[in-house]
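Please model the entire structure based on the sequences and the hints provided.
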Amino acid sequence: MGDNTDEFNYESLETVAEFIRSKIPFSPKLLIICGTGMAGIPEVLDNPIVLNYNEIPTFPLSTVQGHAGKLVFGTLNGVKIVCMKGRFHYFEGYSIKTITKPIRIMKLLGVKAMFATNAAGSLNPKFQVGDIMVLRDHLNMLSFGGENPLRGPNDSRFGERFTPMNKAYDRQLIKIAHEVAKDIGLADNCHEGVFAIVSGPNYESVAEARALSILGADTVGMSTVPEVLVARHCGMAVFAFSFITNRCIVSYEENDEPNHRNILNVADQRSEKVKEFVCKIIEKSQERWL
Numbered sequence: 004m005g006d007n008t009d010e011f012n013y014e015s016l017e018t019v020a021e022f023i024r025s026k027i028p029f030s031p032k033l034l035i036i037c038g039t040g041m042a043g044i045p046e047v048l049d050n051p052i053v054l055n056y057n058e059i060p061t062f063p064l065s066t067v068q069g070h071a072g073k074l075v076f077g078t079l080n081g082v083k084i085v086c087m088k089g090r091f092h093y094f095e096g097y098s099i100k101t102i103t104k105p106i107r108i109m110k111l112l113g114v115k116a117m118f119a120t121n122a123a124g125s126l127n128p129k130f131q132v133g134d135i136m137v138l139r140d141h142l143n144m145l146s147f148g149g150e151n152p153l154r155g156p157n158d159s160r161f162g163e164r165f166t167p168m169n170k171a172y173d174r175q176l177i178k179i180a181h182e183v184a185k186d187i188g189l190a191d192n193c194h195e196g197v198f199a200i201v202s203g204p205n206y207e208s209v210a211e212a213r214a215l216s217i218l219g220a221d222t223v224g225m226s227t228v229p230e231v232l233v234a235r236h237c238g239m240a241v242f243a244f245s246f247i248t249n250r251c252i253v254s255y256e257e258n259d260e261p262n263h264r265n266i267l268n269v270a271d272q273r274s275e276k277v278k279e280f281v282c283k284i285i286e287k288s289q290e291r292w293l
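In this text, residue positions in the sequence shown follow this note's numbering: the first is 4, and each later residue adds one.
Honestly, I wouldn't trust all of these hints.
[Stated by the list, open to error] Under the rule of at most 25 Å between Cα atoms (straight-line distance), these lysine-lysine pairs were calculated in the DSS-like manner:
#1 K26 <-> K73
#2 K185 <-> K278
#3 K129 <-> K26
[Stated by the list, open to error] Derived Cβ-Cβ restraints for the label pairs, each shown as a range:
#4 T18 <-> E46: 27 to 33 Å
#5 P128 <-> S25: 37 to 43 Å
#6 N268 <-> G96: 23 to 29 Å
#7 N157 <-> G188: 44 to 50 Å
#8 A214 <-> S25: 46 to 52 Å
#9 E257 <-> E21: 36 to 42 Å
Don't read these hints as lab results, they were simulated from the structure.
C-beta: ideal position from N, C-alpha, C; glycine also.
Take a look at the structure:
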């Protein structure tokens with residue numbers, strides 16, 4: 004799964020985008036990345052058109068349970084949307100550029116904004132399993148180790164070389180998210196905070212969880228941030244939230260331990276509420292994407 008540099012240049016990505024354009028009747032304006040256990044979100048789209056990842060030339064393939072590996076195009080409240088049912092993770096063996104390749108393709112298709120969802124572990128003792136945390140900021144632990152999708156030659160047709168991240172997450176959309184949470188009875192279960200990305204696939208050790216908490220992280224997961232970096236580089240508005248599926252273990256005395264099956268079960272139990280949350284945010288912000 005190493006990099007072929009030509010695969011990521013503007014012309015190669017435009018070829019992939021042109022293939023996708025030939026299969027769809029419109030240019031999507033909003034991308035929704037469906038995290039672990041959130042594959043039901045595309046069900047709300049009108050007149051859906053499905054493209055399997057393996058039908059798209061050079062497109063990566065999902066290998067994780069809960070990630071179907073499909074692009075679903077459709078509309079919701081008049082907004083032209085593409086959903087990624089399945090994302091790509093560093094722990095799958097993909098390079099950081101491969102993980103984020105679809106975001107640049109979406110930019111070429113006309114996408115103006117990205118909504119990203121993920122399943123995450125809670126480091127904040129005030130957050131409960133089943134809660135939602137809207138991302139205000141992130142800790143990019145992969146970047147601390149030198150893995151950044153913006154590293155390397157910059158093509159200004161996508162964006163400027165040095166991309167600020169102090170306003171990575173759209174404040175207007177965060178405000179709308181809190182309003183929606185109140186409207187649908189989730190006010191007490193919707194928080195705002197900092198998400199930390201780690202490489203995985205192992206869950207955090209007690210010492211690692213404690214360290215991330217000291218650094219200011221409220222939740223931790225294995226995705227989202229690379230896509231956010233590239234989306235912002237491409238000039239997209241970004242909204243993201245974590246669905247809290249487990250508590251991080253911060254004590255050596257605890258006997259509990261996280262596992263993927265339980266995480267999927269928790270995500271499935273709250274999938275309808277999460278779907279409603281996303282749909283209402285789109286409805287309240289639709290004028291920006293029409």
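Going down the list of hints, with the structure as the test:
no. : hint                      : result
1   : K26 <-> K73               : 14 Å, holds
2   : K185 <-> K278             : 15 Å, holds
3   : K129 <-> K26              : 46 Å, violated
4   : T18 <-> E46: 27 to 33 Å   : 31 Å, holds
5   : P128 <-> S25: 37 to 43 Å  : 51 Å, violated
6   : N268 <-> G96: 23 to 29 Å  : 26 Å, holds
7   : N157 <-> G188: 44 to 50 Å : 45 Å, holds
8   : A214 <-> S25: 46 to 52 Å  : 48 Å, holds
9   : E257 <-> E21: 36 to 42 Å  : 52 Å, violated
Hint compliance for this structure: hints 3, 5, 9 are broken, all remaining hints hold.
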